[in-house]
Every structure is written in C-alpha cells, then in structure tokens.
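Engineer: These protein sequences, in sequence, are chains A and B.
Final position of the first sequence in my numbering is 782; the numbers increase by one with none missing.
Final position of the second sequence in my numbering is 782; the numbers increase by one with none missing.
Note that these hints are calculated values from the structure, not bench results.
A portion of the hints provided could be inaccurate.
Claimed, not checked - Straight-line alpha carbon distances no greater than 20 Å define the calculated EDC-like cross-link-like pairs of lysine to aspartate or glutamate that follow:
1) K587(A) <-> E654(A)
2) K587(A) <-> E521(B)
3) K587(A) <-> E588(B)
4) K587(B) <-> E521(A)
5) K587(A) <-> E759(B)
6) K587(B) <-> E759(A)
7) K524(B) <-> D504(B)
8) K587(B) <-> D539(B)
9) K587(A) <-> D520(B)
10) K587(B) <-> D599(A)
11) K587(B) <-> D520(A)
12) K557(A) <-> E654(A)
2 protein chains.
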Amino acid sequence: MLASAAMPSRDDAPSHRFLRACLRLPVDRTPVWMMRQAGRYLPQYRAVRATTSFLGLCKNPELACEVTMQPINEFGFDAAILFSDILIPVEAMGVPLEFGDEGPKLEPLRDRAAIARLIDPDPEATMPFVPEAVRCIKRALDGRVPLIGFAGAPFTLAAYAVEGSGSKEWRRAKALLFSDPVAGHDLLERFTRTVCRYLEAQVAAGADAVQIFDSWAGTLSPADFDEFALRWARELISRLRASPAFAARRVPIIYFANGCAPYLGRLASSGADVLGIDWRVDLGEARARLGSEVAVQGNLDPAALFAPPSEIERRVEGVIRSAGDAPGHIFNLGHGVQPETNPEHVRAMVAAVHRYGVRTAQP
Amino acid sequence: MLASAAMPSRDDAPSHRFLRACLRLPVDRTPVWMMRQAGRYLPQYRAVRATTSFLGLCKNPELACEVTMQPINEFGFDAAILFSDILIPVEAMGVPLEFGDEGPKLEPLRDRAAIARLIDPDPEATMPFVPEAVRCIKRALDGRVPLIGFAGAPFTLAAYAVEGSGSKEWRRAKALLFSDPVAGHDLLERFTRTVCRYLEAQVAAGADAVQIFDSWAGTLSPADFDEFALRWARELISRLRASPAFAARRVPIIYFANGCAPYLGRLASSGADVLGIDWRVDLGEARARLGSEVAVQGNLDPAALFAPPSEIERRVEGVIRSAGDAPGHIFNLGHGVQPETNPEHVRAMVAAVHRYGVRTAQP
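When you get a sec, could you build the whole thing from the sequences and use the hints?
Structural biologist: The structure is reproduced here in structure tokens:
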C-alpha cells in the first residue's frame, strides 16, 4: 500500500472539509478554492499591486498576507493559498530573476558549469519572507480555513531555468534534457533538494497542505514525462513524506501536472494525496483510471467564467456530477483564474458549488 | 461499418506508399512527411520568403509551388503538402486578414450581426491562386509523390475569427461559444460549408489527400470538444465523403486535432481515414484505443530534432516500434517543425525512418 493511501486514525483526522477531502475522508460539502484566487481579477489585489512590483509583493510578508486573505474574505473559499511565485527558490539558488510585462526572465542555465554553480539555499536564511508570510497568514486566518503552501515541481523549475523565460515550445530546455540527460538529471536533483527544504520550511511555519505545480509537464511525450517530470515529482513527494515536519501533522500533498490527460495512468503512482486535474479531462474518467486511492482536484475550464452565471452554474453542476459522490473531490478551476474574469462570476461559481456540492458517503 | 473503413477494391488501390498507408493497405516501408516541411527552417524557403510577404507567397501559385517542392527535393519525403495558410478561406469570407511578427490578425467577429455578414465564397472565383497552386505542384511532382491539400477545421477557424488572433486562452472565442451557442453553431456551420467547397476545389484541381487541422481543439474540455469541434469536423468529413470529387478517387481524409489525448476514445468516430496524433500520446496506446479501422499519423516531438542525430535515431525507432507493424502508420512529427531546426537533423530523421520503417503485414 502506498504511503499516500494510509488513512489517519479517527483521533488525528482533520476537521476542515478541505483537509478531509484531501485525505478522502467524508465531508459535509465539496470544498472549493481557486488557483490564482489572490490575483489580478480582484480590484483589491490590483490596489495593493499598484503600490509595489510583483516581486516586491512576493517578498513583503504583510502585503503577501493581505492579498492572500482577500479572496477568503470576499468569497469564503475553503482554503487559502500562500501568495508567492514558483521562481522564488530559483532566484535563491543564485539565478538572477526579474518580472516584466512578458512574464519572468531568468539568466538561463545552458551548460554543466552553470548548473554546478547553483547554490543549495537555506530557506529561512535566503527566503525569510516566505515562512514569515506563512506565519502572518496563519495568524490572520485564525483557524477559519487551512493554508496551502506551494512550490514548482522540479521539471517545471528546470524548464524555466534552462529556457530563461516562459515558452510555448521549451526548445532550449528540451534540447538540454534530450542531449545531455546526465546534466539534466543533475539539475532536476538540485531542484528536488531545494524544493524539498523550501516546502519543509513552509510546513514548519504553519502551512497545512502543499501543492506542487508542474505547469509545463504537459509539453512532454509520455516517456519524457516519466523520465523528467514524474520521476522527480515522485522523488520529491517521497522525501517530503519522510520529513518530520510533514509526518508530524499528516500534511496532504497535491500534485498538479497541467495537461495531464496523456499521463493519467502513470499519475496514480505519484505518491501524492491529491492530483490536480486540468479541464481537458472528464473527472469521472480520471477517477476511474486513477482508482480510489487518490483524491482529485478540479476542474472547471477557467474560460467558463466568461459565460453568464446561469451557464456557470450548469457547468459547475456538471463537474460535481462527473466527480461523483465518493469522498475525495476538491472543486477548483482546471487552471488559474484569468485576470479578465468578473469577480461576480467567481461568486456565482462558489454559490453553485455550495448549492450542488455533495455530502460524501463513507468510502 | 463506417464509410472510412471501406477498403478500395484491388483494382483502384493506390500505388504510393503514403496513400496506401492512409487506407491501411500494406506498404513496403513506413511513409514519412513532416508538418510545415515547407518552411522557415529551410534556407531555400527563407530565400524565397525574402522576396515577398507571407500572404504574398500564399497567393502566388508559382512561388507556392516552388516552396512546396523544396523539401521533396531536399529530403525525399513521401508526400508533398500545399503551401498555404488555414486562414485564406476566412479572408475570402470577408474577414480582413494580415500577418505581422506576432502572427495573424483578423477583424474579430464578436456578434450575430458580424456572423450574418459573412459571405459564402466560391473558391475558384475568390481564391483562384489555391487551385492554381495545386495544379502547378501536381505538374512539378509529375507523379513522384502524392500531394496533400489542407484546410483548418471549423472550430479552429471559428476560434481565430472570434478571437481576432492566436491566443493561449481563447477567452473571447470560448465566451461567444459558451454564452451564445446558437450563434456559435451558426458560425461553425458557415465555416463547415466554406471549408467543404474549399477542399473540394483542391481535390478537383488534383490534391490526392486532404488534412484538416484542428490546431486549437485541444484547449476544450471533452464535452466542449464534442459539441464545438468534433461534431463539425465529423459533419465536414461526412459532406466531403458525399462529394463527387472525393468519391471518384477515394481521397483519404486526415483529421489532426492537436492535443488529442483527452479525446482519443471519441476520435474513432470522426469518419477520417487517418488521425493525426500529437507527441504527447504513446502511439501504441492510441492505436489500442482507436481500434483497427483508422490509420494514425505521427508523432515525434518536434523538439527532439534539437537533440544530436544519434538521439533522433533512437527516438524515431521508438515511435515506429510504438506504432507497431499493423498497416496504417504514417511517420510525422507530432506538430509542425520549428523554425530553428537544423535541416541536417531533419535529414537524420528521414534516414532513421528509412532504416527502421516497417514493411507492414497483410491486415
């Protein structure tokens, strides 16, 4: 039996519906949160963001806490998620990073020498603003809902670090991995180590669950996904399970590989408690293929929020019906909310989850 | 039995290995061509392109013929594909179109009135350069290899026409389809009608097969794929089958929905002879799920061409092994070749297909 399949004993079972759903325990109603829920679609976020740069916001614990709390106060989501960026630990490893209008720019790592120069950062020393933000948010939440910490998956961080920016084709990143897999795996191991310490620091500071974002894993062929993405995500999850911070509180781990349809059969072995499922997969089919030992999170098309509220309601009901009434479904979008989204349509989505969300039967 | 499953009698069976593979007839060796094989990665293409604009090249039959022939002469591909652009018929419907550094820009169709103003173009009258290019290429090929005509699928053309450009999220296109499906289906029907006549004109001019590109269908949830993409691709294919030009020569139809992994089970019913499969699917798994009544085309990751020739060879062998030795596999990339690709690496790919391509057994 996988570690992820172990059920906590009744005594230490969490009481919040989000954490309970992560562990496939019965809940009173399907929990709901939204990727990028603290973000540009919210006027109150844009007001804070107008006072500082994006990285400045990530590195200011009080402001990060403020924007993290905004969607909780506005919509009553069932979980908060730390406001930060997946590239923060890459910068801490010694890779210069900036954010412009076209997204992140990094000094690209293109060879073994550049990889060898990376440092192994101590999160509390090099990224103190992250655990500090976690502590600040936990105080602000005061037990209302759990807090999700997060990090990028090793493959996705390596893709950014080699490419030097976002990309559609990831030509340079794939060229390195395909041409020099020894250097590629060395780089992936470096990111695995750093992300492990980084997530341990978030949990030690109070994060109740963590999500690992493999945003670009869906650009890989199935064989390359196995070799370069899943292998290292599994290694990361396995190390996290073994760490005292995670074991002490049975912290759920969510793995979200965007574009996961081709790899569903393989994902069951990731070791995660929850798999994030993007909107291009039918949740019922996903659950049938994944089996009952893992929870799922998703998966409304973010573009559905541009439809009228009645259509949003119809589509929310469809996602919930497709997920079925076995325990272990967390409602979410299938990807991050788009900046142009009308907040009232987010409210309509949450209301529809409250209306159609299911009280799960005992497994 | 589907129309697409009908096998031609021995007497009218084609002799070229590409057409034979399309119809799942035995071949002497796996055929190979490459999406965007006439394109920017070739110095001789860039030399022609330097003399005219992209649209100017599409609309000049002699130049379109010249660049179509370049990869045939350079690499000995087993099929030529018309040089053109999927948005040509959209322009002929009355939508202003231009190409800049950031790709196509169209005057966006955002409401029912704009859709009602579209015209139904007669291809020979409004796009005479397309059938003329087909005739010119057929003369230049002189029977060496077959010529593939092509068009965009109704959904993909509708997505461009509503969005007004390429997009990652297709927010406006989806907003129209989700908010006003009646107008959406009206638009999709208009494109289906135009594309049908457009492909008939290409076949009447001499095209030996056609490929329908549903480049953006992979951005849809499975239910939306059924409703907005597959439904109209199937309708288009059904109308093409019924048209005299297609029936007279048993012209194979290839349907390529990029990002098709979530929809594999549904694609078997498209009515196409061949399904294009992108690189994020294992071809063996695709064939197992699609059944034996349809051929497959694909699916090397285009980024694999940035690896050294020995690694390209290993990956080509993997694709061919995964496809197996049942008739009906056409080797291709899983998406268009990237402009930065080294032509010598394309040569290595073709050599590897020649080396590992299989003589197919009788079905």
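Engineer: Give a verdict on every hint.
Structural biologist: Now for the hints, and whether the structure bears them out:
With a C-alpha separation of about 26 Å, the suggested pairing of K587(A) with E654(A) is violated against the 20 Å cut-off. Distance hint between K587(A) and E521(B) is fulfilled; the C-alpha atoms sit about 14 Å from each other, no more than 20 Å. For a cut-off of 20 Å, the pair hint linking K587(A) to E588(B) stands: about 13 Å separates their Cα positions. At most 20 Å may separate the alpha-carbon atoms for a hinted pair to count; K587(B) and E521(A) meet this at roughly 14 Å.
The hinted pair formed by K587(A) and E759(B) meets the criterion: a straight-line CA distance of about 14 Å does not exceed 20 Å. Restraint check: the Cα-Cα separation between K587(B) and E759(A) comes to about 14 Å, which is no more than 20 Å; the hinted pair holds. Using a Cα cut-off of 20 Å, the hinted pair K524(B) and D504(B) holds, with the two alpha carbons roughly 13 Å apart. Between K587(B) and D539(B) the CA atoms are separated by roughly 29 Å; this puts the pair beyond 20 Å, and the hint is violated.
Simply put, K587(A) and D520(B) have alpha-carbon atoms about 16 Å apart, close enough for the 20 Å limit, and the pair holds. As the CA atoms of K587(B) and D599(A) are separated by approximately 30 Å, the hinted pair breaks the 20 Å bound. In summary, the hint linking K587(B) to D520(A) is supported, as the alpha carbons are separated by about 16 Å, within the 20 Å threshold. Pair hint K557(A) plus E654(A) does not hold up; C-alpha atoms about 28 Å apart against a cutoff of 20 Å.
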